[in-house]
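A.B. asks: When you get a sec, could you build the whole thing from the sequences and use the hints?
Protein sequence lines correspond, in order, to chains A and B.
Residue numbering for the first sequence is 187 to 527, as defined by our numbering.
Residue numbering for the second sequence is 187 to 527, as defined by our numbering.
Hints listed in this document are in silico derivations from the structure and should not be mistaken for laboratory results.
Incorrect hints may appear among the rest.
Pairs of lysine to aspartate or glutamate residues, derived as EDC-like cross-links and limited to a Cα-Cα distance of at most 16 Å, are as follows [to be verified]:
(1) B/Lys373 - A/Glu253
(2) B/Lys373 - A/Asp216
(3) B/Lys223 - B/Glu244
(4) B/Lys432 - A/Asp317
(5) A/Lys432 - B/Asp216
(6) B/Lys373 - A/Asp254
2 protein chains.
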Amino acid sequence: MRIILDGMGGDNAPAETVKGAVEAVKLIDDEITIVGKPELIEEELRKNGYYGDRIAIEPASDVITMEDSPVKAIRRKQDSSMVVGLNMVKEGRGDVFVSAGNTGALVVGSRMILGRIRGIDRPALASVYPDISGGHPGLLVDAGASSESKAGNLVEYALMGSIFTEKVWGIENPRIGLVNLGTEEGKGTSVTKDAFQRLKASHLNFVGNIEGRDVPAGVCDVIVCDGFTGNVILKLTEGVAMGVFKQVKNTIMAGLKNKIAALILKKDLYALKDSFDYEEYGGAPVLGVNGPVIKMHGSSTAKAVKSAIIKAVPYAREDVVGIIRQELLKIEECDESDYSI
Amino acid sequence: MRIILDGMGGDNAPAETVKGAVEAVKLIDDEITIVGKPELIEEELRKNGYYGDRIAIEPASDVITMEDSPVKAIRRKQDSSMVVGLNMVKEGRGDVFVSAGNTGALVVGSRMILGRIRGIDRPALASVYPDISGGHPGLLVDAGASSESKAGNLVEYALMGSIFTEKVWGIENPRIGLVNLGTEEGKGTSVTKDAFQRLKASHLNFVGNIEGRDVPAGVCDVIVCDGFTGNVILKLTEGVAMGVFKQVKNTIMAGLKNKIAALILKKDLYALKDSFDYEEYGGAPVLGVNGPVIKMHGSSTAKAVKSAIIKAVPYAREDVVGIIRQELLKIEECDESDYSI
Chain A
187 MRIILDGMGG
197 DNAPAETVKG
207 AVEAVKLIDD
217 EITIVGKPEL
227 IEEELRKNGY
237 YGDRIAIEPA
247 SDVITMEDSP
257 VKAIRRKQDS
267 SMVVGLNMVK
277 EGRGDVFVSA
287 GNTGALVVGS
297 RMILGRIRGI
307 DRPALASVYP
317 DISGGHPGLL
327 VDAGASSESK
337 AGNLVEYALM
347 GSIFTEKVWG
357 IENPRIGLVN
367 LGTEEGKGTS
377 VTKDAFQRLK
387 ASHLNFVGNI
397 EGRDVPAGVC
407 DVIVCDGFTG
417 NVILKLTEGV
427 AMGVFKQVKN
437 TIMAGLKNKI
447 AALILKKDLY
457 ALKDSFDYEE
467 YGGAPVLGVN
477 GPVIKMHGSS
487 TAKAVKSAII
497 KAVPYAREDV
507 VGIIRQELLK
517 IEECDESDYS
527 I
Chain B
187 MRIILDGMGG
197 DNAPAETVKG
207 AVEAVKLIDD
217 EITIVGKPEL
227 IEEELRKNGY
237 YGDRIAIEPA
247 SDVITMEDSP
257 VKAIRRKQDS
267 SMVVGLNMVK
277 EGRGDVFVSA
287 GNTGALVVGS
297 RMILGRIRGI
307 DRPALASVYP
317 DISGGHPGLL
327 VDAGASSESK
337 AGNLVEYALM
347 GSIFTEKVWG
357 IENPRIGLVN
367 LGTEEGKGTS
377 VTKDAFQRLK
387 ASHLNFVGNI
397 EGRDVPAGVC
407 DVIVCDGFTG
417 NVILKLTEGV
427 AMGVFKQVKN
437 TIMAGLKNKI
447 AALILKKDLY
457 ALKDSFDYEE
467 YGGAPVLGVN
477 GPVIKMHGSS
487 TAKAVKSAII
497 KAVPYAREDV
507 VGIIRQELLK
517 IEECDESDYS
527 I
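C.D. replies: As C-alpha cells, this is what we get:
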C-alpha cells in the first residue's frame, strides 16, 4: 500500500504532518508519499532524523488554505497539495489520501476528482464519535459534508457507515441508529420519518431512533444524521465535555484540602480527558467517492497524523470503496424486486 | 397573582407536585390553585401538614398521560387537569398555568385553548440551557414544540426569547445567538442563512451564528434553533455531562489511594453535579400563546415544582405575553415601512 499524505494542509503543516509520517512509517509495512513543497518537507524529514526510502516526496507548489472557497480552490489551485494528492489516488499512484486541510475543499475535491460512487446521491463525511461513557466510539455520518439531507441520503449514510465499521473497525453486524427527537416510531421530521421506514425495511441492523442522550451512551456503532445535526453534535459534545472538565478542575483546585486530593487524582483524570481526545481516533473517511480519502482534524498534531495513517491502511486494504460499490450494484439489480436497502 | 398548578401531570404527581406547592407558598405572597382529583390532592396537602387558605383545589376527574396523543387528548379529555387548568387561565380565573404533564399536549393545548398571539406563526417551547462552563444559563428556543422551522419562525423565537430573558430574568439587552454549523455569515442551510439576514437587520442584539461548542460556553442569552436541533442539544448535553461525570467517578473510585482523595472531594463534586441540574431552573415557558404557561420536566420533584412556581410569578406579573403581543403589533404597523424585526 502507498499512503498519499497532504503535506501542506492543516494548521500544523508541514512540521507536525511530517513528524507524524516519520512516526507512523516505523509501525507499518507500507510506503508514504508526502505531497507539498519539496524543500520544506525535506527539511522536516531531516529535523526528524529520517533518511530512509519508505517516505517519498511528490512536489506541489500551491496550498489550499482554510479560508479558501472549496469549489473555487479545487478548480483554480491545480498544483495544490490536495489536488495533486487526489489525482495520485485517481491515477492509481496511491491507495489512500490523508489530509488535514480545508474540509469543504476535501469533500468537493474528492467528489470532483475521484467522482461519486454510482448509486450514491451525496458523499458524506464520517467522523469518529468519542467514547464518552466508557463503551466504545461510534461512527457519525454525516459530520457536515452536506447541510441538508433527504431520507435517501440518510439511508446511504447508514449503508456506507455499516460497511466501514464492519471492514475497518471489525465490528460484526454493526448497529445503526437514527438521530431523532424521540425513540418512538413516527417521531421527527418528514425526512427522519421516511428514513426510519426505509431503514426498518433494509437488511441493515437498524436499532431504531436514538435521542440526543443516547448518542454518547454507545447504543449503536453508526450514528446516522444530516450534516447540520452531525456538526452540532460533534462540536457540542466537545464543548460540554471540556466545560464539565473545567468545572471539575475548578472544584478540585478550590481550597488546600481539595488540592491535596487533586494531586493524587491528577494523573488519572488527565488520562480520562485524553480518552475523549480526537487524536487517538485516526481521522474521518469521506464516504461515497471512488477512492479512499481520510480527513484529519485541522489542528492535528503528529500523534493524530500518526493515528490517521495507521488507520488508513485497513481502509485501503479492505477495499471498503469497492465493497460499497458492489453493494450499490446489488441494490440496483434488485430494484425491480421488493428488495430495498 | 393566582398560579394554576396541574396537580396530576408528570411522573411524580400528585405527591411531589403538592409537596412543591406547599413549599413554594411559604416563599411567595401569591395564591395557588391545584387542579386534579380533590381527594388525592387533599390527602397530599394533609401529608405535608398544610391547612392554610392560600392553596385551593379545582376539581378535574381525568388525567392526560405521557402516552396520550396530544391533539386527541386535548380534544377528548375535556375534564383533564391540563384542559381545566388552561381554561382557568383563559377565563381569567388564574394568571399562569404550570404543568409537568405531556409536553406535546401542553403545547397543543396552549395553542388550541389560549390561542396564538397575533403575528406568531408557531408557538415555541423555551427551555433553560444549564450553566456548563460556569457562566450563566441561557434560554433555548425552540426546545421541540415544532420539528421543522422556517426562517420567520426562528426570528419569532429570537424576539420572544429576548423579551422573556429581559423581563423575567432581568438581562439587559439580551444577546441572541443562532445555532449553525459555522460562525461565518453565509454558513448553513437555506433556512439559517435567511434567518441570519433577518436577525442582522432586526433591532435585536444579534451576536451572530454560534456553533455547537459555543452553546455551553455562555456566549449568548438566547439560543435560537429549530425544535429538532433544540431537542438534540438539550438531550445530548445531559448525556455528555452525565457520561463525563460517570467516568470521573469511575476514575476516582479506582484504587484505595484515589478513594481517599474521593472522600475529600465528594461533597464539592456532588454540588457541581447539582449545578447542571434542571431542577433549579424553574421550568420552560410555552411562548407565543395568549397566556403564560410553564412546562416543568416530566420527572419533576418537589424541589423542581417549587422553583417553577416561584419563577412563574414574574412571568405573569411582568406581563411578558402582553409585551410580546405589543411588540408584534408594532411590527405589523411598521410593516409597510422598511422596519423589520
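A.B. asks: All hints are to be evaluated individually against the structure, with a verdict given for each.
C.D. replies: Tested hints:
For the hint linking B/Lys373 to A/Glu253, the alpha-carbon distance of about 13 Å falls within 16 Å, and the restraint holds. Taking the CA atoms of B/Lys373 and A/Asp216, the gap is near 39 Å; set against the 16 Å cutoff, the hint is violated. With a C-alpha separation of about 8 Å, the suggested pairing of B/Lys223 with B/Glu244 holds against the 16 Å cut-off. Taking the CA atoms of B/Lys432 and A/Asp317, the gap is near 12 Å; set against the 16 Å cutoff, the hint holds.
The hinted pair formed by A/Lys432 and B/Asp216 fails the criterion: a straight-line CA distance of about 40 Å is larger than 16 Å. Of the pairs offered as hints, the one joining B/Lys373 and A/Asp254 holds, with about 14 Å between alpha carbons and a cut-off of 16 Å not exceeded.
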